[in-house]
Structure formats: C-alpha cells, structure tokens
Amino acid sequence: MRAIVRYAAVGATVLLTIAAASVRNLAQPRGKAVYDAHCVECHGDAGKGDGPASGFLTPRPRDFTTGKYKIRTTETGSLPSDDDLVQSVRRGLYGTTMPAWDRILSDDEIASVVDYIKSLSPQFAAGSPKPIAIGPGIPSSSDSITRGRTVYDKLQCGKCHGTDGRGTGAVTTSFEDDSRQPLRAADLTEPWTFHGGATARDIYLRFRTGMAGTPMPSFADAATDAEMWDLANYVVSIGRKPVWSMGADEVTALYAKLDADAQRDPIKRGAHLVQALGCDVCHTPLDERKRIIPGLRLAGGLLVRIEPFGDFPTGNLTSDKETGLGNWSDDEIKRVITKGILRDGTRLLPYPMDYASYSTLKPEDLDAIVKYLRTVPPISNKVPRPRWTPLPAFLWGKFKMLILGQDPPMAFFPGNAGTPGGPRR
Amino acid sequence: MTSRLARVLKWTAIVVVLLALCGFAAFLYNIPPFFLVSPEEFGNQMAAAAPTVTDIADPAQRAIAERGRYIVMTTGCIGCHARNGGQGPDLTQYLAGGALQIRAPHATYVSRNLTPDKETGLGRRTDDEVLRVLRSGTFSDGHVVDATAMPWASFSNWTEEDRYAVLVYLRHLKPIRHATPEPVKGNAITIPGAIEQDYGGKDYGVPDAPK
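Taken in order, these protein sequences are the chains called C and L.
Going letter by letter, the first sequence gives residues 28 to 452 in our numbering.
Going letter by letter, the second sequence gives residues 222 to 432 in our numbering.
Bound-form chain L, shown alone (with noise of 0.2 Å):
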C-alpha cells in the first residue's frame, strides 16, 4: 500500500518536473515575444513612441519639427538609440541611447542619448555639431564614426533643411538623463572581418554614480 503510494508520488513528481522543464522551455522559445505580437501592433506601438509637436507654440517650427519627426520615426533612430527596460526597448523613453553596442574596425561605441539633457544628451552639442554627425559622421574630436555602425552616409543624403527639421524636433525631445559612454578606440571584434552588434536587454549606458 504505502509502496503504490510512493509510486503515484514518484511519477507525480516526474511528471510535474517534466512539465516545468517544458514551460520553461516554451519560455526561452517564446520570450521575447517577437512572434506572438502582431506586425500591425509592433507598428502601432511605433508611431506611438515618437513623441508629437503638438505643444510647440511658433507654428513655423512646429511645422518643421513635424517633418523632422517623421524623418526620425520612419528612419528608425529608435532602432539603436532606445533605452533598454528589463524586458527589451523601453519605448516611453524615446532615443535615450543605451540599447546597443557596436564593435567596428576602429572603435567600439554605444547609442548615443539623443534626447536634449543638457549633460547627457544633445544638450551640450551646438547644431553644428549635431548636424555634423549627420551630415558627415564626424565627432566634435575629429573622430570619423564608422560608416556601417551609425548610417550616417545615408543620412546625408537627406538635404540640409530636412537634416535642420531632424535637429529640431531633437531638440524638442523630452530630456532624459542617461549618460552613454564615449566611443572606445580599438578594434574589440571577435568574429575577423565582421562588424558586431551587441544587442538584447542590457543598458550599456553608464550607471549613475552612487549617491
């Protein structure tokens, strides 16, 4: 008696483990749930992000910033420049950089904070400086970021108003305060000739200094 009991006990609890396991496995399949979210939802949730210009008082620079912002939606700058939550890009937290790392031939980088924070983010570039990254890749050290890591060549593609409609639509972001590190030069790629991205739930933003 007390041995079938065992028994039943035994293949319960095998049973139960089993079945754990396969959670866990349909788990680490389905997470994160790129396939169970719809491509229409993914795009809504897109659109959502980028914040409107409806609050901008001048109807000249609202209008400008509204073709900037379509720029930058359509583009995809929040592709890299995303912040990272726990689970994957937090979207409320628009181009507040972070989300990736780049190793290239000549410098490893991470996505910049784009938002106007004037210590972390494009607050303490001048628009020259801003619409030199844009226009030409290049730092305000001198420094020629790889072509294939930031797309820049593409975007001076763009005519120089509507790279003047990205900035000021930048330029209206809401400020977040992320610091992203400075480019590190060097060539840290692991796979030869390759260029690498690290991308998935990480900040590699620089965490703020204890209190």
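Only chain C is shown next, with the shape it has when bound in the complex (with noise of 0.2 Å):
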C-alpha cells in the first residue's frame, strides 16, 4: 500500500514536471508576442537594451541578455527572482522610462513576458537566484535616523549621492553603468524617483543587494544588518515633498533653489534642456532601425527632405572647428536657435527646426545651451549645405500644395548626409 502512494506520488511529479515545463513552452511564444508588441520601442527586438529609443533614455533600458538585474531580493550577484522581475514590470521602474504595465497587461502576460526575456540569458537556464533571508528591520526613530547619518558618512555614500544626499556628489558627472552608458545618481531627497520603491524595506534591500550593473555596490560586507536598516531610515527621513504635495510658499521655494542650480551650474542646465528639448533627436544620423549611430550625438546629418523646399542636413552641432559649432559665435549659435539664420545668413524654414518657439527661452537658458554646446567633445562630420529644389520643381510643388490641397511629405532619412572624419584629439 505504501509503495503504491509512493509510486503514486512519484508519478504525479513526474507528471507535474512535465506538465509545468510545456506550459513553459507554449508561455514563450505568448511572452515573445507581448515583448514584440510593448518593449522592442526600448529594449529591442533581441533585448539587448538598445531599441529606437534607447538612446535618449537615462538610464538606459535594461540589457536582458546579461542577466544582471538591478532590483531584487536576492543575493549580490544573484539572478533576480521571478517575483522580482514580475514585481518590475508591474509596477514599472519610478525614475525611469519603464511604465507600470499592470494597468495595461494581464497578470498572465505579464507572467510569460517574464517567462520570455529570463529565455533571453543564458544565465537562468545556468543558475537559480538566492533569495536573501529579510529580518523585521528597525523601526524607525529620531536615534535610528542619527545612526544612520553616521552610517551614511562612514559608508561614503556623500561620494555620489552628496553630503546633502542630493545626488551631486563630486563623481557624478561623468556617472556611467557597466556598459558606459550615461546614469544618475539617485537624489535621495526625491523618493519617488526611487526605482525600486521608497519605503525602508526597499531602501534597505538596495544596500544589501547593490544594484547590479552600476556603481552601487552591495553593502552587505562593510556593514551590519541593523547599521543597513538605520542608514535606511535615515534616507527615508531626508525625503522632501514632491511639487504635487507642495502649498504655494513651498512651490516658490522649490523653483527659486531650481533656477539658483541652473545659475550655479549652467552647463548641467544646457545639457538637459538640448535633451528635453530634444536637440538631439535631429542633430543626430540615425541608422535603418532608427537608433543613435554610434560615436555620432549631436554631430548632425540627419537628411531632412522638406517638399517642395529642398533638402536640409542637420547641422553638427559638437565643438569641432571645421565641422561643427567651434568657430562660431555665442551670438551666431543664439541667432540660429532663436531667429533661424545660419552663419551666412540663410533663413531656414519656421518648421522642423522650431525657432519661434526656442525664441520664448529665457536669455539665461539659452546662455547655458551655448555653455553645453562648447563642452560637447568635437566630432568631425562635414554636413552638406542645404539644397533648394530648382525654381520649377518648387513652383509645381507649391501648385500642388497650395491649389491641389496635397500636402506633400516631410521625410526624415536614416543614415549619415555627412562625411565623418571621427572624433578629434
């Protein structure tokens, strides 16, 4: 009779086994199609981390084919527990592009695209995560906090993040992950901008798992279990309001100390507005898939077909001297963001290139784009002079325009219009 439970046990396993990894199977293909319809745009058709818009992301999306993951409950150097990455894609990454996905997908799609891009490395077929045992932590109580400031100091973490904690610290301007992409350091008065969540169970977990792939290291070694859960509490307690919390004297405040960083920083300025602004999606060539071609940002020749004007090649807009903006002017850089006038007084068309708009920036934010622009290594890539379509093509294009009613398209073309010479010494 024994036996026969036995056997009878075994079996069900076996079957069980069976039927759990064909369910795996036939989740792949359902995983793949999720990923192809939702996560290519960032992550890429073959999850490296580098689709269309990964370029223009800070942080960049995640390489899944490395299997280092940056939010997890699991062991430094471990590979993320299924719940980790479910968690992830539920709830998304704050601070980062990555959306919350559970108000789109279900919990089964959600399930077998996590199913999907843990197929992308080889490293889960290899490994198994640790889990990490998690204790009641510390409460949190004004000695807590005072411990965890000298925790906060003892561990360096002013190095990055600043003394302030606001993420300024002196090595963070040429902050960069493992595959020298560009990064932040987090400002840990802005918990919402914590990836993986804000409370001090999620705090603590960062210290005691680092974040795989970036500067965080694990701090599971040079510190003890209750100095980790004091350190987070006393991040917990340097959080500052968000705007969306904020009455109108502390709005004011908030926005006098961001204009007073602009002032006191202007070339960070400059870099972000030629980001948010978007600069950089035109000033830089773009290949047949529409990613950023490497070693080119900023460095022009986007081929911009404006029917029936002509053809406009995005203008280089590093420091180069021959190529580029190193030889022009302050004045002769604002005259073109704001007014449209090349430096041989061509006017260029009120659209793409938005000068009306970029004329409503404020004298000191356009200061601080010209001081980003000259901080801009020089690329050499010689973009052609625009072309004018000839005088009849042009008149027959208006003809249709304006008495046929077509609107004719505006063409942006992959590839570099320029001849690149490389970066200069």
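To be clear, the hints were calculated from the coordinates, so they are not data collected in a lab.
Fair warning: there could be bad hints in the mix.
[What the hints assert, rightly or not] Derived coverage of chain L by chain C (criterion: at least 3 residues anywhere in the stretch with Cβ under 8 Å from a Cβ of chain C; other residues may be distant):
hint, region
1, 224 to 232
2, 352 to 361
3, 401 to 414
[Stated by the list, open to error] The calculated BS3-like cross-link candidates involving lysine-lysine, where the alpha carbons are at most 30 Å apart (straight line), are:
hint, chain 1, residue 1, chain 2, residue 2
4, C, K366, C, K268
5, C, K389, C, K361
6, C, K366, C, K348
7, L, K395, C, K366
8, C, K389, L, K395
9, L, K406, C, K427
10, C, K366, L, K423
11, L, K395, C, K427
[Said to hold, decoys possible] A few chain L positions that, by computed beta-carbon distances, are all more than 12 Å from chain C:
hint, residue
12, V237
13, V238
14, N305
15, G306
16, T313
17, L321
18, E340
19, G344
20, R345
21, I397
22, R398
Using N, Cα and C, we set each Cβ at its ideal position, and we do this for glycine too.
Using the hints, build the complex out of the two chains.
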C-alpha cells in the first residue's frame, strides 16, 4: 500500500513537472508576442537594451542578455527571483521610463513576458536565484535616523549622492553603468524617483543586494544588518515633499532653488535642455532601425527632405572647429536657435527647426545651451549645405500644395548625410 | 486702322496674361509667407499663443502651471499639436491638434488634441495616462509610440515634477472640441526607411458628423 502511494506521488510529480515545462514552452511564444508588442521600442528586438528610443533615455533600458538586474530580493551577483521581475514589470521602475504595466497587461501576460525575457539570458538556464532572508528591520526613530546618518558618512554615500543626499557628489559628473552608458546618481531627497520603491524595506534591499550593473555596490560586507536598516531609516527621513503635495510658498521656494541650481551649473542645465528639448533627436544621424549611429550624437547629418523646398541636413552641433560650432560665436549660435538664420545669412523654414518656440527661452537658458554645446567633444562630420529645389519644381510643388490641396510629405532619412572624420583629439 | 487696333489689343492681352502668370508665380513662390515675416514676428506670435495662467486662483497651482507653460512653450509642442486653419496653423486654437500626420514604421499617427475637452481631448485621460505618455510614450492600450514620431524619449528626461507641471498647464487650457483619429497600425511609408510627415495646410482631424 505504502509503495503504491509512493509510486503515485512520484508519478504525479513527474507529470506535474512535464506539465509545468510544457506550459513554460507554450508561454514563450505568447511572451514573445507581448514583448514584440510593448517592449521593443526601448529594449530592442533581441532584448539587448538597444531599441530605437534607447539612446535618448537615462538610465538606458535593461539589456536582458546579461542577466543583471538592479531591483532584486536576492544575493549580490545572483539572478533575480521571478517575483522580482514580475514586480518590476507590474509597478514599473520609478524615476525611469519603464511604466507600470499592471494597468495595461494581464497577470498572465506579465508572467509570460517575464518567462520570455528570462529565456534571453543563458544565466537563467545555468543558475537559480538565491533569495536573501529579510529580517523584521528596525522601526524608524530619531535614534535610528541619527545612527543612520553616521553610517551614511562611514560608508561614504556622499561621494556619489552628495553630503546633502541630492545626488550631486563629486564623482557624478561622469557617471556610467557597466556598459558605459550615462547614469544619474539617485537624488535621495526625491523618494518618488527611487527605481525600486521608497519604503525603508525597499531602500534596505538596495544596500543589501546592490544594484547590479551600476556603481551602486552591495554593503552586505561593509555594514551590519542593523546599520543598513538605520541607514534606510535615515534616507527615508531626508525625503522631501514632491511639488504635487506642496503649498504655494513651498512651490516658490522649490522653483527658486531650481533656478539657483541652474545658474550655479549652467552646463548641467544646458545639457538637460538639449536633451529635453530634443535637439539630439534631429541633430544625430540614425541607423536603419532608428537608433543613434554610435559616436555621432549631436554630430548632425540627419537628412530632412521638406517638399517642395529642398533637402536640409541637420547641422553638426559638436564643438568641432571645422565642421561643427567650434568657430561660431555665441551670438551666431543663439541667432540660429532663436531666429533660424545660419551663419551665412540663410533663413531656415519655421519647421521642423522650431526657432519661433525656442525664441521664447529665457536668456539664461539660451546661455546655458550655448555653454553646454561648447563642452560637447568635437566630432568631425562635414554636413552639406541645404539644397533648395530648382525654381520650376519648387513652383510646381507649391501649386500642388496650395491649389490641389495635397500636403507633400516631409521625410526624415536614416543614415548620415555628412562625411564623418571621426572624433578629434 | 482696325488691324492696328487689333494688334494693340492682342499685345495688351498677351502682356496682361504674362503679368497674371508672373503674379501667380510670385504668389506661389511667396505663400506661405515664411520669408516675408521676420523671425522676431514668428517668435512674438509663439509667445503670445500660449495662454497665460493668471486666472488660476490657487497660487500653488498657478506657479506650477507657469512652469508648465514655459516648458510647453519652449519645447514647441505647438509645432505638431497645432490645428490648421485655412492658412497654416491657427494659433488661437492652442494645442487642438490635427495639423500633421506622421507615417512611421509601425503606425500612422495624427497629432492629438491636447486641450482638456472631455470627448476629444485630454479630458478623457487620467493624470496617470497623460504622464505615462510623456514619460514612456505608452498609450492606455499598451501601444508604444514611435519615439521619432512623438519625441517622448526626450521628454522622459524632464523630471517627474516638471512633467506634472506640464500636466497642470495642459489641464488649464481652454477645451476645444476637435476629434483627432486614433493611430492606424501598419506601415504606410512610401520612401523606404524614412519617417514621413504630411504637413501643410490640411486638418487631419475627424470632421464633425453632419447634424
């Protein structure tokens, strides 16, 4: 009798394993369909984190082929658990481009896409996640927070996050992740931007597990468990209110502080504006799959055909003296941004180079943009001059547009219309 | 005598026709009058087009909306989200959308109505939905917008607080009823590899159903 039960149990286990495995195999094509529909724009066709949008995002999208994940409840160097991945998809990663998918995808779809992204990295077949045991923690108190501040100094958190926690430590000007992509050090006073959440437990987990692929290490060896909980309580305590919870005086004070920051560091402000206004979207040549051609960010050469007017390759905005803005005066740069007039006096069309909108920038913001552009390393890329359509074709095009009522297409071409000479020293 | 008169009339007619043709060519050449309007005038029109926020009673919301206005105005959302009148963009219908159609590899998009109209604009979207498009280019049905069509990847570099300011400002605009079509999935590009925009004087919005 006992033997029968045992055989039945073994048989059931085997059957269940087979069933589970086949469900997994079935899940994969479904997971791939979900992936292809929603994830490719950022994470790329093959999951290498190189989708068309990836070059414009900070931080860069995850490369699923490496098996490295920032937000985990598992040991340093270990793979994330399935639940870690599901949670990251469900709630998104705050302070990044990754949205919360729980309002859009079903639980099944999320589970299947997680299975699919795991299949993109050989690590998941080779190893298994090592979950950490999380203790009850230390409730927040003024004592714990004070101790946490001591730990903050002892572990030199300020080197990256700044002594005030605002993410402006000495080393952050050239912050990069393991694949040499730009990164920001977290501003610890803005808890709504913490990628993995802002509870003391979330924060403790980041100290404990580290954030794989970034300069944020695990402190499991450098600090005791109690110290990490105190530190988490301290970080929670320095969080400020977001603007959507502020009263009028607080809003005014916040904006005054942001303006003061911008004045103190105009290059950083300029870099932000160039990214946020999307200057780099047009002034960078893209490949066939709409990704930045490596090494040519802001080097111009994206060809814009504006019918019936002509061909207008975008300008090289790097500080290269021969092919970029290196020899342009500040006023010449500002004139093209706000009036659309090139150095030789050529007037540009009011669109897509929307100088009329840029002319509403405050003078200090214009200065900041120019100051930043001066710091962009020179890249030689000789961009041809605009080529206007010959008169008869131009008039015929205008006739079609104005009399026949056809809107002619404006086309943005992939590839580099310029002649690159590579980076200069 | 009569033949002389006929000759004069003939030449007069020829000159008139030639002048008319030249006039028509000059008209075609100069319309739209991009290069007859000074760049400063374009800038002034743009600054005047963005509605001010002085009528917001709550001082905190007013300050936030003012920052949002600056971002919306300087970024040039109106460059795409304009509504075309007969003679180019109608700047009085600020951000009512429909001025251009973009053909991208996965879908064809028409610039949307960003005013708070409840049926055709952002009035039918929650705050989360609007912020998600600005942060991640992801619509409520899960469609991810081509980042070269709508540059949300650039706007993802705004801070979350600045995105909120943009939202507050957009919510404050005058609602304009102007339906813009949903994205049409599929590739309608005619020049292989390129992204195409149809842009001129047409309104790509949905015409109101006849009453």
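**Request:** Please write out, lowest number first, the hints stated earlier that are contradicted by the structure.
**Result:** Numbers 1, 4, 11, 14, 17 - these are the hints that the structure violates, sorted from lowest upward.
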